[in-house]
Each structure stands twice: as structure tokens, then as C-alpha cells.
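Here my numbering is used: position 247 in the sequence shown is 247, and no number is missing along the way.
Keep in mind the hints are simulated off the structure, nothing from the lab.
Just so we're clear, the structure is a prediction, and the values are computed from it rather than from any experiment.
Think of the CB as a built atom: it goes at the ideal place given N, C-alpha and C, for glycine as much as any other residue.
Misleading hints may appear alongside valid ones.
[Said to hold, decoys possible] Keeping only pairs whose Cα atoms sit at most 16 Å apart, straight-line, the calculated EDC-like set for lysine to aspartate or glutamate is: (1) Lys298 with Glu262; (2) Lys108 with Asp250; (3) Lys38 with Glu70; (4) Lys108 with Asp6; (5) Lys108 with Asp132; (6) Lys38 with Glu8; (7) Lys33 with Glu70; (8) Lys108 with Glu18.
[To be verified] Restraint-style ranges between C-beta atoms, simulated for each label pair: (9) Ala163 with Lys38: 31 to 39 Å; (10) Thr27 with Ala64: 22 to 30 Å; (11) Asp136 with Ala77: 56 to 64 Å; (12) Ala290 with Ala214: 34 to 42 Å; (13) Asp136 with Ala196: 57 to 65 Å; (14) Val157 with Ala215: 24 to 32 Å; (15) Glu123 with Asn208: 18 to 26 Å; (16) Gly211 with Pro122: 25 to 33 Å.
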Amino acid sequence: MTKLPDFEALAIFAKVVELRSFAAAATELTLSKATVSKAVTRLEARLGARLFNRTSRRLALTDAGHRLAERAAQLLADGEAAESEALAQSAAPRGLVRLAVPMTFGVKVIAPLLPDFLAAYPEVSVDLHLSDQMVDLIGEGFDAGVRIASLPDSSLVARRLCAMPRYTVAAASYLARHGRPTHPMQLADHRCLGYAYLSTPNAWHYSNAQGEQAAVRPSGPLRVNNGEALLPAVIAGLGIADLPEFIIGDAIVAGQVEVILEGWHQRESSVHLVMPPGGPRPARVEVLAAFLAERLAKRRTARRLNSD
């Protein structure tokens, strides 16, 4: 296997050439003079050529040193520029954020917030990926993702953005034909509409204020992989659905569906921003996380007040 160039020794050599002194290079690089000398000696051994003619009073480049000096100086300059650019990327909000978001939440909630974010941070751009499937953030190169669930243990770093309640609902026409269930276990006798990407897609879990719990495996005529696709069916009275507020909230307010199972609640999930482990994260990701946390908290408060 070919060995990598000794970039450290090349950079030290370039600094010695620039300052015409081993001691001065050591001072500027905050290294010992012995370390600088060993780096140059190591480079000479690797190249099989002397780079300096040294006396107690004078330091002069050899022919080989002259030939190498310009390229080494360019390597040092390129390295310093690359590091400065990387530091600037981390310190100031600029660059591309690749963000994965569930389809309907992305369209209805996240996308309307982005114009204000992009106006506030004109040097940041966003690549918004919309999918209800669980995206592999690390494998697919995403900076962050939005997940709406009770998160399982994971190596991902999660930041809670806001609560997201769920409601079990049905249209008045369905309830008139089939009756109104008052206990979750009664859902087994009803037509239920399912969402494929729940963390437990084949079960709805409920609890009440008395601590009683119930788990139901609903069945019915329709199962979808996008929650919003259930709206026409539930509004038309085809069956009972359990959906998050951002999908079903407007239909509840408009009277198109009714909340059932009073006193029982599905496990309340939360909206999280999840990010790959490690850090520190670039400023562009941090400002987007802070922006979403602020705006989604305000939205949740407004929606709660409007429903009271």
C-alpha cells in the first residue's frame, strides 16, 4: 500500500523556508526546535536528499530544497485555507442542510416555516427530503431528520421540538350506523383505518387517568402508508382512525369528525429533531434546530389555545 505524503513534515519545512530559521518556525508553530528539526530530517530521509545546507550562522536551501520549497509552500497555504474555510463553516451559519421529514408534516408544517428561516439565514440552503419511511440519516448523508414518535433507544442525538397529541376519531355518519365505542377494546368490533408506519403499526395503545391500559389490534377496509390519505375515508364515514393533530386537527375543528373514547388517550408522541452522533455540529444545523424548536412550540401553543 502506498504511504501517504508526510504532510506535517512538508508544512514544517515550508514554514522554515518562509522564516529562514528553525527557531523562528518552532516559535510560530508552537513546537519545540527539536520537533522542527526532526520533521525536516524525517523528510530528507524519506526523499533521500538534503534540503538545507546548515552552519551555525547560515541556513541555505540546496537544489533539492529549492525544487520542493514552492510546492511545500502551496501545500501549507492550501491546508491553512481549507482549515479556515471549515472553521468558518462551523462558526457561521452557511452551507447546505439536508433535512429528512415525514411527508404530510413536511408539507403542512415544515415547508411553510422555511421562507422565514431562509430569509433570516440567507447563506444557508435546505434540501428537504419528504418521506414517511424511516430514513437512514447516516447512511444517506442527512444532517438531520424530523421524527414524530416515542423514540426508541438510538445512537442518534435527539432534540424534542414539541408535543404531538393523537386523536381517535370517526365521522358522525359512521357513529350513527355503527354506534360510538366507549372503551378501546370495543374497537375490535369496528371498522378501523390503519397507518402502516406507526412504531407499532398493528396495535393502538391507550391509557386513562386511572392508570388502566389497553392495547387493540384494529382491522378494517383500508391501510395506507401516508396518514393524510386516511382523511377522505374517515370523513366519508368509512371507519375509525387514529391520527396526529397536524393531520386531523382541522377536520375536528370543522366538525367533519368527532373525537371518541373520551377519557382514553393514545400514547402522546413528540416531534423530535434527530441528528447523527458526534459534534460539534455545524452552525447551519444548530440554527435550524433552534428555529424549528421556537416556531413549533409557538404553533403548538396557538393550536391548543384555538381548540380550547
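Cβ distance range 24 to 32 Å for Val157 and Ala215, holds or violated:
holds (30 Å)
Supplied distance hint 56 to 64 Å, evaluated on CB atoms of Asp136 and Ala77:
violated (38 Å)
Is Lys108 close enough to Asp250, meaning Cα to Cα at most 16 Å?
holds (12 Å)
Hinted pair Lys38 and Glu8, Cα distance within 16 Å
Between Lys38 and Glu8 the Cα gap is close to 11 Å, so the pair holds against 16 Å.
Are Ala290 and Ala214 spaced within 34 to 42 Å by their CB atoms?
holds (39 Å)
Lys108 and Asp6 were given as a pair; does the straight-line alpha-carbon distance stay at or below 16 Å?
violated (53 Å)
Lys108 and Glu18 were given as a pair; does the straight-line alpha-carbon distance stay at or below 16 Å?
violated (59 Å)
Are Glu123 and Asn208 spaced within 18 to 26 Å by their CB atoms?
violated (50 Å)
Check the hint pairing Lys298 with Glu262 against an upper bound of 16 Å on the C-alpha distance.
Distance ~27 Å between Lys298 and Glu262 Cα, so the pair is violated.
22 to 30 Å was suggested as the range; check whether the CB atoms of Thr27 and Ala64 agree with it.
holds (26 Å)
Could you grab the alpha-carbon distance between Lys33 and Glu70 and see if it respects the 16 Å cut-off?
violated (23 Å)
Pair hint Lys38 and Glu70, alpha-carbon separation not exceeding 16 Å
This hinted pair is violated, its Cα atoms lying about 21 Å apart.
Going down the numbered hints, you'll see the structure goes against 1, 3, 4, 7, 8, 9, 11, 13, 15 and 16, while the others check out.
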